[in-house]
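**Student:** Kindly produce the complete structure, drawing on both the sequences and the hints.
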Amino acid sequence: MFIYLLKRVSLGLVIVVFAVTLLFCMIHLVPGDPARILLGPRATPEMIAHLSAQMGLDQPMAMQILKFFGNLLRGDLGMDVITNRPVAEIVFGQLPYTLWLIGSAIVGAMLIGIPLGCYSALHRNTWFDRFSGIISVACITAPAFVVALYSLLIFAVWLKWFPAVGAGEPGDFFDQISHLVLPAIAIGISWVGYLSRLVRASMLEVMGENHIRTARAYGLPENTVVYQYALKLAVLPTVTVIGVGMGFLLSAALFTEIVFSRPGIGKLIFDSITTRNYPVVMGSVLVSTIIFVISTAVSDLINAWLDPRIRNSL
Amino acid sequence: MTSSNISKQEPDGLSRRHFLKTTGALGMVAAASSASEVIFADGKKILKVRAYSDLRSMDPAFSQGVVDEEIHSCVYSKLIQYKPGRKWDYVLDAAESIEQASPTTIKFKLKAGIMFSNGYGEMTAEDVQFSYQRIIDENLKSTNKPDWGSLQEVTVDGKYEGTIVFSAPYPPAWNIALPYIVGNIVSKKAWQEAGGKVDTSTPCESGPYLHAEWQPKQRTVLRRNPQWHGGSAEFDEIHILPIDDENSAQIAYEAGDLDYTRVSLGAVGELKSNMPSHTVLEEYPSLFYVWVGMNVENETMANQNLRKAIQHAIDVPSIMQASYFGAAAPSTGIIAPGLTGNRAQGLVPPGANFAKAKEYLAAAGYADGVTVTLDVLNKAANVTTAQVIQATCAQVGITVDVNLHESGAFWSLGDSSSGERYKDIQLILNRYSMAPDPSYATAWFVTSQKGVWNWERFSDAEFDKLESAAKAEVDASKRDTMYQRMQDIMEDSGAYRFLTHEATPVVYSDAIKPAFRPDGLPLFRYFGQG
Amino acid sequence: MLQVLKKVSAEPLGLLGLVLVVLMVASAVLAYWIAPYDPIALNIIDRLQGPSFKHLLGTDQLGRDLFSRVLFGGQVALKVAFISISIALVIGVLLGMVAGFGPKWLDSLIMLFFDTIRSFPTVMFALATVALVGPSLMTVVAVIVVTSIPTYGRVVRTQTLSIKNNEFIKAEQVMGASTARILRVHVLPNVVGPLLILASMDIPTVIALEAGLSFLGMGVKPPTPSWGSILNDGYTLIRNTPWPIVAGSIPLLLVTLGFTFLGESLRDQLDPKLRNNR
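Chains as they are written, first to last, in our numbering: chain R, 1 to 314; chain B, 1 to 530; chain P, 1 to 278.
I should point out that these hints are in silico values taken from the structure, not numbers from a laboratory. Note that CB positions come from ideal geometry on N, CA and C, so glycine has one too. The hints are all genuine.
Taking CB as the label site, the calculated pair distances span:
{"id": "1", "chain 1": "P", "residue 1": "SER52", "chain 2": "B", "residue 2": "GLU283", "range": "25 to 35 Å"}
{"id": "2", "chain 1": "B", "residue 1": "GLN345", "chain 2": "R", "residue 2": "ASN84", "range": "46 to 56 Å"}
{"id": "3", "chain 1": "P", "residue 1": "LYS54", "chain 2": "B", "residue 2": "SER273", "range": "19 to 29 Å"}
{"id": "4", "chain 1": "R", "residue 1": "VAL241", "chain 2": "B", "residue 2": "LYS379", "range": "30 to 40 Å"}
{"id": "5", "chain 1": "B", "residue 1": "LEU140", "chain 2": "R", "residue 2": "PHE2", "range": "52 to 62 Å"}
{"id": "6", "chain 1": "P", "residue 1": "LEU188", "chain 2": "R", "residue 2": "THR126", "range": "34 to 44 Å"}
{"id": "7", "chain 1": "P", "residue 1": "PHE82", "chain 2": "B", "residue 2": "GLY369", "range": "29 to 39 Å"}
{"id": "8", "chain 1": "R", "residue 1": "ASN84", "chain 2": "P", "residue 2": "VAL19", "range": "55 to 65 Å"}
In silico lysine-lysine, PhoX-like type, Cα no more than 20 Å apart, as pairs:
{"id": "9", "chain 1": "B", "residue 1": "LYS465", "chain 2": "B", "residue 2": "LYS478"}
{"id": "10", "chain 1": "P", "residue 1": "LYS104", "chain 2": "R", "residue 2": "LYS7"}
{"id": "11", "chain 1": "B", "residue 1": "LYS450", "chain 2": "B", "residue 2": "LYS465"}
{"id": "12", "chain 1": "B", "residue 1": "LYS159", "chain 2": "B", "residue 2": "LYS188"}
{"id": "13", "chain 1": "B", "residue 1": "LYS379", "chain 2": "P", "residue 2": "LYS221"}
{"id": "14", "chain 1": "B", "residue 1": "LYS109", "chain 2": "B", "residue 2": "LYS188"}
Among the chain R residues that face chain P by a calculated CB cut under 10 Å, a handful are:
{"id": "15", "residue": "ARG130"}
{"id": "16", "residue": "ALA144"}
{"id": "17", "residue": "VAL146"}
{"id": "18", "residue": "LEU152"}
{"id": "19", "residue": "ALA253"}
{"id": "20", "residue": "PHE255"}
{"id": "21", "residue": "VAL259"}
{"id": "22", "residue": "GLY266"}
{"id": "23", "residue": "ILE269"}
**Tutor:** So, in structure tokens, the structure goes:
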């Protein structure tokens with residue numbers, strides 16, 4: 001197990017390094033001079049050169065990449081030369097908004113999706129099962145930004161039930177929650193569908209397995225069988241699925257944050273790419289890539305631990 | 001910037017406002033109609049306003065324009081401030097008196113007893129000298145240096161008296177320097193202690209409000225300055241929320257999250273027929289100028305007849321309808337009405353003239369048609385404008401191929417220091433911001449700006465001469481004529497089709513009494529309660 | 001093939017999917033003939049109208065008929081989906097075979113490439129690419145190709161690896177069969193089924209991605225209609241009229257739903273093993 005862990009972690013590291021280098025190369029081939037954009041129309045060529053030097057853009061690219069990783073080892077993501085704040089501070093200032101958003105979307109989706117799937121599995125082939133099946137697939141396929149647009153249109157513009165913009169009054173918990181509702185729905189709704197289908201499928205599989213049948217044969221109450229044995233086994237795959245789905249979640253968060261003018265790492269990435277604020281692009285992409293790699297690794301590990309065939313070969 | 005400023009949270013626990021907000025969220029409908037009162041939280045009067053971007057710097061030398069200035073003008077003092085209203089004028093702020101003593105000198109006397117916060121003492125002429133001279137100091141590399149024009153020095157004539165000395169007459173000082181970004185007066189002592197410049201926090205203030213906190217991408221909080229020399233500010237706090245999208249801002253306004261916001265031109269018609277309760281809509285003209293530029297050095301566009309054909313093929317009234325919903329008017333040039341140098345009429349009328357366009361096209365040797373590219377920044381109004389241009393040009397046989405760019409790529413298109421792309425520009429839809437002095441508009445189109453901001457690569461000896469002469473012209477009516485002539489030259493070259501100055505529609509709750517510059521930019525320090 | 005279609009249409013959801021897909025493809029292909037208006041012709045006087053008999057889905061801010069734009073937008077969506085997935089399939093198959101049959105270091109390198117691509121959220125990768133080369137349909141296609149290759153490549157690689165160690169194949173190799181022949185005869189036929197199912201299930205994702213990028217103003221060039229750019233118009237006009245959002249989203253939702261039902265049904269018919277693979 002330990003060796004597997006080690007392998008998985010080092011693979012993750014290699015991927016992060018590779019990904020960041022790739023992005024570095026892409027970004028530096030992009031036309032558009034950040035110094036020029038950031039300084040605005042009245043900048044003289046000297047000012048532009050000065051800012052480029054501050055950003056380290058005047059050095060060869062290989063040098064910049066090495067420096068970036070060198071600083072990274074010391075926990076330093078560099079400085080945003082515009083506001084003169086450490087990039088880490090900016091990124092970690094925005095990250096909680098996205099984590100809250102993703103987290104509440106997923107928790108909400110689990111609270112609705114798992115019971116739905118469970119109920120469908122237990123009432124297989126009833127009209128409810130079929131109906132929820134169709135709705136689930138419809139939910140899965142709905143792109144987050146379309147759901148976001150509709151919820152903005154209906155609940156914010158027409159009904160005015162929920163606020164539409166921003167993340168709410170800082171320090172005001174309830175205000176922040178009410179700002180979270182619509183964006184979380186936009187991201188979570190496809191996961192409701194996804195999880196309910198997944199739970200249904202794995203429930204059916206588990207229910208067919210020997211020990212469950214044995215438990216039933218021994219006359220254990222149906223509820224105990226379902227909730228103590230079957231559901232527990234059926235829910236575990238959802239955990240791993242969420243890990244793998246982190247990429248989708250981050251992409252969905254990006255769209256949603258744009259539609260709702262919400263702070264967060266997705267909007268930070270979008271804004272910093274369009275303004276060519278390289279240090280912030282690198283920092284925010286690095287952090288989200290790490291989140292993604294970690295969550296896939298964790299879900300792989302859980303998977304490995306769950307699947308005896310893999311576990312035994314470790 | 002220290003992290004303490006960011007992590008500072010309001011320790012107000014479960015206040016009445018919390019309770020109201022919560023029931024609003026749960027009861028859902030209640031919140032919508034409550035927009036009519038200034039928000040009281042813990043008995044505090046709070047003004048909530050929208051800015052279109054986030055704070056960039058608290059240092060006037062590195063202010064990034066309008067949004068930073070909206071904050072600076074609340075927390076710093078200037079000798080004079082813009083006067084709220086429909087006509088450009090100024091009012092005294094820190095100055096007790098100020099006058100143009102000679103074409104190259106301005107004499108001022110400060111009010112006595114203006115105190116800087118945080119114990120930095122009284123404001124003296126030495127602070128004014130420091131604040132102005134640091135902007136033009138080469139070593140500081142202030143991005144706002146050009147605003148001071150020919151400023152040479154500020155002499156200190158007494159504790160409160162001083163003289164601003166220019167090397168050549170500089171009339172724009174009254175319009176875009178003294179009452180604007182570079183006119184902010186900071187404390188010499190505080191700035192020197194901070195190492196000569198500050199970032200996103202400020203060591204001390206002297207205006208009606210103090211810079212209390214900044215939460216990046218979330219809000220800037222200004223708090224009443226108890227020792228302000230002008231009396232007591234109207235609000236306990238001003239919350240400035242950065243919301244870049246105007247539609248989102250309007251939705252936030254309608255939800256009661258804001259007391260004031262600029263709205264999009266597209267919203268004006270709908271608002272007029274369906275005004276939210278307790279809301280006032282006002283329309284101000286704006287100073288922005290939008291035009292289609294044509295690159296005179298491009299192989300295809302070097303043909304002046306082709307440029308003139310395009311001038312006549314673009315139908316400005318259709319663009320006003322489609323992109324600006326009839327809420328903006330066609331422009332005659334780059335200098336807006338109300339400013340010195342505005343032309344009553346352009347050479348090419350706003351409406352398209354297809355017959356003329358075809359004549360020019362035939363003269364250009366393209367009787368059978370031609371294909372040109374139009375580079376556009378991918379903002380909604382621009383994309384719509386581009387498509388209208390595409391459609392009307394098609395009627396005379398000019399095929400327009402639209403290239404969209406996101407802001408990063410767009411703003412470096414014509415920059416000759418970053419690659420060769422500037423050569424490929426044919427048509428470009430452009431929009432520049434503007435300060436209330438004509439010199440600010442013409443400065444970008446001189447020969448030396450070729451490949452910097454002059455993307456048409458337009459070059460005219462008479463224009464260049466007029467540009468430098470008009471800046472220093474003291475006689476207002478001569479100045480007026482000079483700027484008008486310069487726009488004639490631009491238009492006659494065929495390199496420009498002027499579209500509009502846009503407009504600034506704003507909405508605000510009738511619980512507040514706002515104050516605006518003639519171009520609709522908010523002057524928060526003068527905002528009051530309704 | 002016919003038999004598969006028969007089986008699929010015997011199932012209600014499969015039939016629904018099939019009908020939706022056929023409907024969408026047909027309306028996109030026939031857009032030129034069935035669209036009541038020119039999708040790019042301006043009529044500013046009639047702008048921002050709600051649905052009527054004259055304009056089934058209303059008009060946009062330039063007075064263009066939204067129904068016609070939606071039909072032509074379908075062409076863009078399908079074109080992008082089919083072109084990019086076909087290219088990704090070809091490259092994915094090649095890379096997967098090379099990884100499976102090639103030397104170990106090459107295999108590792110290709111796998112690292114796959115994992116790296118997968119470690120970017122797709123949209124982020126797309127944004128960087130669009131910033132690099134400018135927005136256009138080609139860019140969108142390129143982004144989709146690059147991000148889809150790993151999925152297909154992995155399937156092919158797994159299949160190749162399992163066949164490579166087959167005694168029977170080893171015997172053939174000894175008898176002088178070329179690698180190319182082995183790949184063609186023994187690997188390809190085995191992966192075609194799963195790949196087609198994967199591809200058909202990828203189509204909705206790809207269409208949604210194109211719409212998403214166009215929504216951000218990073219996809220099609222104006223005046224080309226795309227569902228995403230219609231939605232973008234709708235977002236800017238959200239205070240004025242809901243119809244562009246409705247017009248842009250309905251076909252998007254229907255076609256993704258159609259392809260998903262169809263894909264799931266195909267999968268159930270052809271390869272139940274894949275069920276839990278995604």
